[in-house]
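Trainee: In order, the protein sequence lines correspond to chains D and E. Quick note: the first sequence uses the working numbering, first residue 1, plus one each step. Quick note: the second sequence uses the working numbering, first residue 405, plus one each step.
Hints listed in this document are in silico derivations from the structure and should not be mistaken for laboratory results. Errors might be hidden in some of the hints.
Simulated restraints on C-beta separations [unchecked claim]:
1) E:G421 x D:P374: 24 to 34 Å
2) E:Q452 x D:A379: 33 to 43 Å
3) D:A379 x E:S455: 27 to 37 Å
4) E:R415 x D:N267: 47 to 57 Å
5) E:A425 x D:D183: 23 to 33 Å
6) D:E292 x E:V531: 46 to 56 Å
7) D:G39 x E:A497: 46 to 56 Å
8) E:V531 x D:L221: 42 to 52 Å
9) E:V509 x D:P149: 52 to 62 Å
10) D:K66 x E:V531: 32 to 42 Å
11) D:N267 x E:A515: 19 to 29 Å
12) E:L489 x D:A24: 55 to 65 Å
13) D:E242 x E:P447: 49 to 59 Å
Built from N, CA and C at the ideal position, the CB exists for glycine as well.
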Amino acid sequence: MLRSLSVLLLLSSAALADTADGEALKAMTWDQIEAEARGGTVNWFMWGGSDMINAYVSGYVADRLKAEYDITLNRVPITDAAEIVNLILSEKEAGITDAGSVDLIWINGENFRSMKQGGLAFCGHTDLLPNNALVDWDNPAIANDFGVPVDGCEVPWNTVQFAFAHDSAVVPAPPADMAALLDWIRANPGRFTYPAPPDFTGSAFLRHVFIHAAGGPDDLLGPFDPATFETVSARTWEILNEIEPFLWRGGQTYPTSITQLNELFANGEVDFSFNYDPAQFGLAVQAGSWPETTRSFGLASGTIGNTNYTLIPFNAPNKAAAMVVQNLLLSGEAQLEKAKTEVWGAAPAIEIARTSAEVQAGFAAIKGHPSVVPAAELAKAALPELQADWLIALEKGWAEKVGN
Amino acid sequence: MMRPDPRRADRLRLLAGLALAGTLILPLVPLALWSVAQGWRFPHLLPQAWSGRAWAHALDPASGVLESLALTTLIALATTFIAALVGVPAGRALGLYRFRGKGIVTLLLLAPAVLPAIAVVFGLHGVFLRLGLTGTVAGVILAHLVPVLPYMTLVMAAVFARLDPELEAQARTLGATPFQTFRCVTLPAILPGLMTAGLFAFLVSWSQYLLTLAIGGGKVQTLPLLMFSFSSAGRNDITGAIALIYILPGLLVLILTARQVTGRGAALTQGLRP
Chain D
1 MLRSLSVLLL
11 LSSAALADTA
21 DGEALKAMTW
31 DQIEAEARGG
41 TVNWFMWGGS
51 DMINAYVSGY
61 VADRLKAEYD
71 ITLNRVPITD
81 AAEIVNLILS
91 EKEAGITDAG
101 SVDLIWINGE
111 NFRSMKQGGL
121 AFCGHTDLLP
131 NNALVDWDNP
141 AIANDFGVPV
151 DGCEVPWNTV
161 QFAFAHDSAV
171 VPAPPADMAA
181 LLDWIRANPG
191 RFTYPAPPDF
201 TGSAFLRHVF
211 IHAAGGPDDL
221 LGPFDPATFE
231 TVSARTWEIL
241 NEIEPFLWRG
251 GQTYPTSITQ
261 LNELFANGEV
271 DFSFNYDPAQ
281 FGLAVQAGSW
291 PETTRSFGLA
301 SGTIGNTNYT
311 LIPFNAPNKA
321 AAMVVQNLLL
331 SGEAQLEKAK
341 TEVWGAAPAI
351 EIARTSAEVQ
361 AGFAAIKGHP
371 SVVPAAELAK
381 AALPELQADW
391 LIALEKGWAE
401 KVGN
Chain E
405 MMRPDPRRAD
415 RLRLLAGLAL
425 AGTLILPLVP
435 LALWSVAQGW
445 RFPHLLPQAW
455 SGRAWAHALD
465 PASGVLESLA
475 LTTLIALATT
485 FIAALVGVPA
495 GRALGLYRFR
505 GKGIVTLLLL
515 APAVLPAIAV
525 VFGLHGVFLR
535 LGLTGTVAGV
545 ILAHLVPVLP
555 YMTLVMAAVF
565 ARLDPELEAQ
575 ARTLGATPFQ
585 TFRCVTLPAI
595 LPGLMTAGLF
605 AFLVSWSQYL
615 LTLAIGGGKV
625 QTLPLLMFSF
635 SSAGRNDITG
645 AIALIYILPG
655 LLVLILTARQ
665 VTGRGAALTQ
675 GLRP
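Input sequences plus hints: build the corresponding full structure.
Mentor: Next comes the structure, spelled out in structure tokens:
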């Protein structure tokens, strides 16, 4: 404990193994990078709200890094990655280009777009990672983060697909698609609500309604189109305003975060919750927050899938060690460990077929949590994520037309 | 005319005391229950099942809670100590002497306690960033001094205003060195006030969230930050366990200084008065 305290005290001065110069690293071989990484410290800023995810990172990942590479992993728990994007932005404005406070972030979506557009990401290093070979970069859902090309600026960590949760003891037969869900809401006043966008999850629910209003995602792919947005969004606001009186508390108010919706669901005030990462349902049941009879489902009309990533900021002082962390996270063994139900239950971001026979057998042996709808089942009806411009227009429109 | 029954007054006083203690302690009961709950959902009055899991997590060295407790204590103690070093002489100057611009100095000292924290944070962050102090424990301690120093200085100013400087003069005439005078005369006289100011300083630093988050950049993980990351994720059980740990040092400091703070130790000051 004392040692890590003194590490904190010393953080103001430059780290011992300073590998801030990313261009120099890119000219090296992987063995050289590993040698540079030895003895380094990686400050990994990540959402810290799940004890099981925290335990996986501070336990399995940190232990392996220490034992195999003598790298100290300092997991920094945060509540919102947007705060860290702002932190790095203000570091850039203050002229801090090689001694930033962040070495690695867990990120995706709008935050990635901000980092990439602001020149805040360290790009072009992903090909150097040996385990990059396990990633299927031909898959557009991995090569694009919310429609923004990844371009070697971040490394995939998990894939997720939106799903709904219900208590099978209360609602034995949940609606099968968006149209049926809207009917269900009208037939059961006060039993459904969604977090007000721009909450990450509430915004995702809004996009499902938007895609439903468009009759499918085909017209919405690609860059933002004002004319299409105009007609489809008008229909979306009509649907949402029409169901508003049937929502929890008559739609007078909306939960402000997914945490609030989860709490409402846990206390039986509403009959559904939903999440971008269905593994969270299993974690909530294992934590005792949700009933054992919780089950989850996708929609026949499809649910949106995405990938989340790890990213090294442009001014990270320990780039070599952060790259070793990224490589380890991508390894078949680490991806298998976090896929285990009792560890996290997260779906892998790598192609299982490209891993060793042992790892493949491990994946085959995983028995899913009964509350978590299997990824393979969700994947049967998958929708692509819309580009960030659509997202922003939708969130703004919702605030004006529905949440006013 | 009825004479008031003294026993009834006593009973009323006891009742009022209990009611006050109840309102202070009752909000802690759900925290304690949550910390050992394995699921506690409406409409159940008590948790459905009990579990030591939140405490196991909070006390597990890998979770960083204990480390954070040590760090929070270190920061609060260091802040209090530095605040005393600065605040005692400053309080003495404000309390004992009249000088030009005293009103403005007092106003400036009060400013950080009056201004909204968010306004202070933005400016401070920019300055600290350029000085390379963000993300460091030293930077966080320095930042905590901003809201802490006004309390320390103003309490000490009030204490010194009641101190008779003639006492020090007498000690000096009797041959005491300046240090002996401070140790044997001044310090005993101001000690109860210093304890009160120290308690304020410790608790103000202990409860900082915004300043720690901004200046520490998330890297200096004090208990309020850690607690918030679990509460915002809806983990009431772990939040409850950390909250109870979070209360402990404050209680400890309060118990240790209660005698001085409640004025029972004030006899010492009075005894010194001529």
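Trainee: Honestly, which of those hints from before does the structure not fit?
Mentor: Hints 1, 4, 5, 11, 12 and 13 are the ones this structure does not satisfy, whereas the remaining hints hold.
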